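Novice: I would like the entire structure built from these sequences, with the hints used as guidance.
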Amino acid sequence: MAFVKKAPFISVLALSALLVLISFLSGPSKAFSADTPSSPVISSQTHDAGVTAAQAAYPPAPKLKAEDYPKVKGLNPRLTVWMAAQMHLWFAAFVLAVPIFVFIFEAIGMAKKDRRYDSTAYEFMRVSMVAYSITAITGGLLLLSLIVFYPDLMKYLASIFGPTMILYALIFFAETGVLYTYYYGWHALDRGARKWAHLFLGFLLNLSGTALMFIANAWVTFMMTPAGVDIRGAFDGNVWHAVHNHLWSPMNLHRFIANIAYGGSIVGAYAAYKFLSSNTDEDRAHYDWMGYAANFVAIGALLPLPFAGYWLTAEIYAYSQQMGINLMGGVFAWLFIVQAVLIGALFLAANYYLWCGLSRSEGGRRYTKYIKYIAFALTVSFLVWFTPHTLVLKPSEAQALGGQYHPYLGPLGLMPAKNTAVNIMLLFTYLSFLLYRRSNRIAISSWAIYGKATQAAIFVSAIANIVYLGVYYGYFTNTVYKVASSVPQVVTTLFVIVSCSLIEAAIYRRSEEAGPYRWGRMPERSQYALFLIAVTFTWLMGLMGFVRSAIRQHWHVYSVMRDASPDAFTPTIGYAARVVSVGTIIFMAIVIFIFWVSNLSGRRPHGGGRAG
Amino acid sequence: MKIPKPLQFIIVVLVVYGLLKAPGLLLGKPIPQSVIFMYMLFVVIAVLLVMTATDESTEELFAPVRALVEDPSKRLIRNVVFIILPLTAGYIAYGFTKTGGGQAGLRSVHPAPPLEMRAYGKAFDLSTLVNPLRRLEKEDPAEFKRNVEEGGAVYFRNCFFCHGDKLDGIGHYAHALTPPPLPFKGRDTIAQLSESYLFWRIVKGGVGLPQEAGPAESSMPAWEEDLREDEVWKVITFLYDYTGNRPRPLGR
Amino acid sequence: MSNFLKVAAFSLFIIGVYTFFADRLIPPIAPQAPPPLTEVAARPMTADGLARLGEEVFKGKGACTLCHNPVGGRAPLLDGIIIKANERIKGPGYRGGAKDAAEYIRESMVNPSAYVVPGFGVAGTHDTKSPMPDVRGSEIGLSEVEIDAVIAYFQRSAGVEVTVGSPAAGPEGK
Chain A
-2 MAFVKKAPFI SVLALSALLV LISFLSGPSK AFSADTPSSP VISSQTHDAG VTAAQAAYPP
58 APKLKAEDYP KVKGLNPRLT VWMAAQMHLW FAAFVLAVPI FVFIFEAIGM AKKDRRYDST
118 AYEFMRVSMV AYSITAITGG LLLLSLIVFY PDLMKYLASI FGPTMILYAL IFFAETGVLY
178 TYYYGWHALD RGARKWAHLF LGFLLNLSGT ALMFIANAWV TFMMTPAGVD IRGAFDGNVW
238 HAVHNHLWSP MNLHRFIANI AYGGSIVGAY AAYKFLSSNT DEDRAHYDWM GYAANFVAIG
298 ALLPLPFAGY WLTAEIYAYS QQMGINLMGG VFAWLFIVQA VLIGALFLAA NYYLWCGLSR
358 SEGGRRYTKY IKYIAFALTV SFLVWFTPHT LVLKPSEAQA LGGQYHPYLG PLGLMPAKNT
418 AVNIMLLFTY LSFLLYRRSN RIAISSWAIY GKATQAAIFV SAIANIVYLG VYYGYFTNTV
478 YKVASSVPQV VTTLFVIVSC SLIEAAIYRR SEEAGPYRWG RMPERSQYAL FLIAVTFTWL
538 MGLMGFVRSA IRQHWHVYSV MRDASPDAFT PTIGYAARVV SVGTIIFMAI VIFIFWVSNL
598 SGRRPHGGGR AG
Chain B
1143 MKIPKPLQFI IVVLVVYGLL KAPGLLLGKP IPQSVIFMYM LFVVIAVLLV MTATDESTEE
1203 LFAPVRALVE DPSKRLIRNV VFIILPLTAG YIAYGFTKTG GGQAGLRSVH PAPPLEMRAY
1263 GKAFDLSTLV NPLRRLEKED PAEFKRNVEE GGAVYFRNCF FCHGDKLDGI GHYAHALTPP
1323 PLPFKGRDTI AQLSESYLFW RIVKGGVGLP QEAGPAESSM PAWEEDLRED EVWKVITFLY
1383 DYTGNRPRPL GR
Chain C
2 MSNFLKVAAF SLFIIGVYTF FADRLIPPIA PQAPPPLTEV AARPMTADGL ARLGEEVFKG
62 KGACTLCHNP VGGRAPLLDG IIIKANERIK GPGYRGGAKD AAEYIRESMV NPSAYVVPGF
122 GVAGTHDTKS PMPDVRGSEI GLSEVEIDAV IAYFQRSAGV EVTVGSPAAG PEGK
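Chains as they are written, first to last, in the numbering used here: chain A, -2 to 609; chain B, 1143 to 1394; chain C, 2 to 175.
Read the hints as simulated data drawn from the structure, not as lab findings. No experiment lies behind these values; they were computed from the predicted model shown. Where a beta carbon is used, it is the ideal one built from N, C-alpha and C, also for glycine. Some clues are possibly wrong.
Per the computed footprint, the stretches of chain C lying under chain A, defined by three or more beta-carbons under 8 Å from a beta-carbon of chain A, are [what the hints assert, rightly or not]:
no.: 1; region: 27 to 37
no.: 2; region: 100 to 110
no.: 3; region: 126 to 138
Specialist: Okay, here's the thing in structure tokens:
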């Protein structure tokens, strides 16, 4: 209780410290005058002619030596910064995501006049309040460790991004204000026009949170694909050039979507835990519903993520072939096998949760016999997806095969096979969802049978189309078309989802219940699927964050500012995995602490105030 | 007749395992153990998930396990199982760690060649280098045949100790080498390579391999000290001629 | 509390499986160590030395063969580049400012977009923009000496006289 009340002061304190540090950094480098570049004409000229006013004002990036990096006994600089950054990212992702679906839930609650949504939205806010302070604290830690261990890099970045850093701090202040008004004003602004004002506050909260993320993304993406600087790293004076670099937009989109999925998974795990420890049917029903809704959000946001990822990768290639090759073809090729395994686990868990959900209604029994076929298709696709192209072989196996490639498995290691597999996985996950939605309904329209036949026809032909596109264009035409086939495949998948959903809605517009539908009638083991999803998301974020950062290799700012510290080398995937695992465990421990604390303050007389 | 769930589980897992093993046993193209391990892990998980999706089938699946652990009348079987289980786990662990089969690793058997190679006091551009004897095949078949025969003589004086008298990679010393000497028969080695690639490999040997060919180090000698340039070309001609393979044309 | 322990054990188990997979089951490939910090190579006194340095740069620091190789088709092959260069600068489509092969190679290295070999431009730019980075800055960071050395290496490979960089060839064009 006391801790929660103090939270505003802690974040304001952390913030003030941040501001002081930023002004300290940007002070000596004239960053404050940088947003009005004296002569944009000069700055846009070529390097040769550009040794004039603009470059005189902005020196090139410093060339560092090993001695330029402060040493602190007992602390590994890179590991410290890595941990602080990872913690900050996990918490930030969580606290950026929660307001998004709190806002959506509040709006749905207002539209449907269903108090259940409103109370769930409020509960989400309550459990994540402490996380805001922790986000600020880890952000402060990250900044501190960067300044302590990499002062020259921070000076260089501040000389370019100074104005945006001040803006960041200001927006942070605004966000903090909105946040506390939004949360503490929830019950005061509960009716009529006031509720609308409250909803608007929620919108402002999201706006400021997203703006914060976009600004911070600019700094990170600048380090990967610097823009607005010449080849020596001298800044051209226009902050927008540096902000709007190659990766900024794709990174904004990718992180925005991923945050929603991530927030959903954490809330799902929270609901699952509350479900397991509930004593009354009423509580079980409430947390079952909450877990379902959160999982729906998480998986729904997961589906478009690969496409945002493609864009990000394409931009990396567009910026630097070398960086792209490093990412996909070289040392990190195996990391994508690990990623495939983790995402496969996510899909299996999500499907399992839906299958278990069939038992919420007596009518679900009709569909349990289809589970094995869905599982078969999912498993086969999954196995194809993580079949590596180059195999780990024993010498005897290598001798039998006469090479590193397998005649039957080899084709499965290529991109067209994997794209096909992913699309089929998406389709069958959707099928699980469709069956789950039907579990409690019996269609009574006379034409329902035709509707279902149409759906089946769409489904079958879509799968045939996807396989045909993958096999034909992937293996029987020349290279140019190989990747191109992925677009029509995705379009096919989307078409199935949209058209089948429309038909589904029409069929079941008039329907009757198949049996009593009971939230909370869910086996306990199904809740572990929610835990797996949360843990997997966390771990996956850590791993992919590693590779995003690692393809910079030995550069602070890629190709512009060299990392001369002893830690400049790229660690192996195994080492990164161990770091990420330790980070995940620490993060999970803090999250458990947060939920525990928030439940101390939120404990009410039993059953009171909970809408049913 | 309905097969009980636990038996279904065992059957499904065994059938999948059999399917994965089949290419190795029947066609001589084994699926690597590392891949089978991952495949089986996920197959077992998927089957378990399907069978525990409803309460009834979960109950049915685990009933024998529960009976085994709890039923006092099954004491003998219980004790047997509890002895067999750790032994099996131990045997599997032993199979993973025993050194006989050599360590599994990622090795590029035919790594990308450099663009250019320096030997015999000059530079060879490997992307354009052709076998000077190859044109004789059409222009002067008798002369070509003579070169092939000379190449055979070179082969049996130098190479056959490891690569074998049938060019099958099983020479006298082959079993002592890791990685093993490659065969020239079949469609997988020289049939996939250009003659300039073979020239590079013979002249520069195992020591000249780039890093991606590691971690195992090839014991192929670098022949530039012992064979003349024309001898290398002759032996290459012999390798293709004897095995009936055609070199891969240059370029892509 | 037992619920808490079960969930914690389950989560730790999952993390353990992922760690085991990423750390033990996939092959441990050690990424290349970063190139040494000492940069500017002393200018070799002989044409031979320059060409040797050029060969090292071409295959190592310059990372040229990453794209200029017969496998990927990302960039034009550089075999016989001296002859090709002489043809290209006389060709009708040539837009750059080079007068001879050495100048052409230098121009391609420091200002790759000056002339792009047809078919190798960034997609959608009709060969007006090259995907190749400026070798001086960027991730490669060659010094003037090293650029000269690469040119010398090409000239030596082609068997023509080395015209760049050596003291005999006069002051470098900086």
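Novice: Each hint needs a verdict: does it hold in this structure or not?
Specialist: Hint check results:
Restraint check on the region 27 to 37 of chain C versus chain A: 10 residues with Cβ-Cβ distances below 8 Å, three needed, restraint holds. Counting residues of the region 100 to 110 of chain C whose CB falls under 8 Å from any CB of chain A gives 0; the rule of at least 3 is not met. Check on the region 126 to 138 of chain C: 5 of its residues sit with their Cβ under 8 Å from a Cβ of chain A, so the three-residue criterion for coverage holds.
This entry does not satisfy hint 2, going by the numbered hints stated previously; all others are met.
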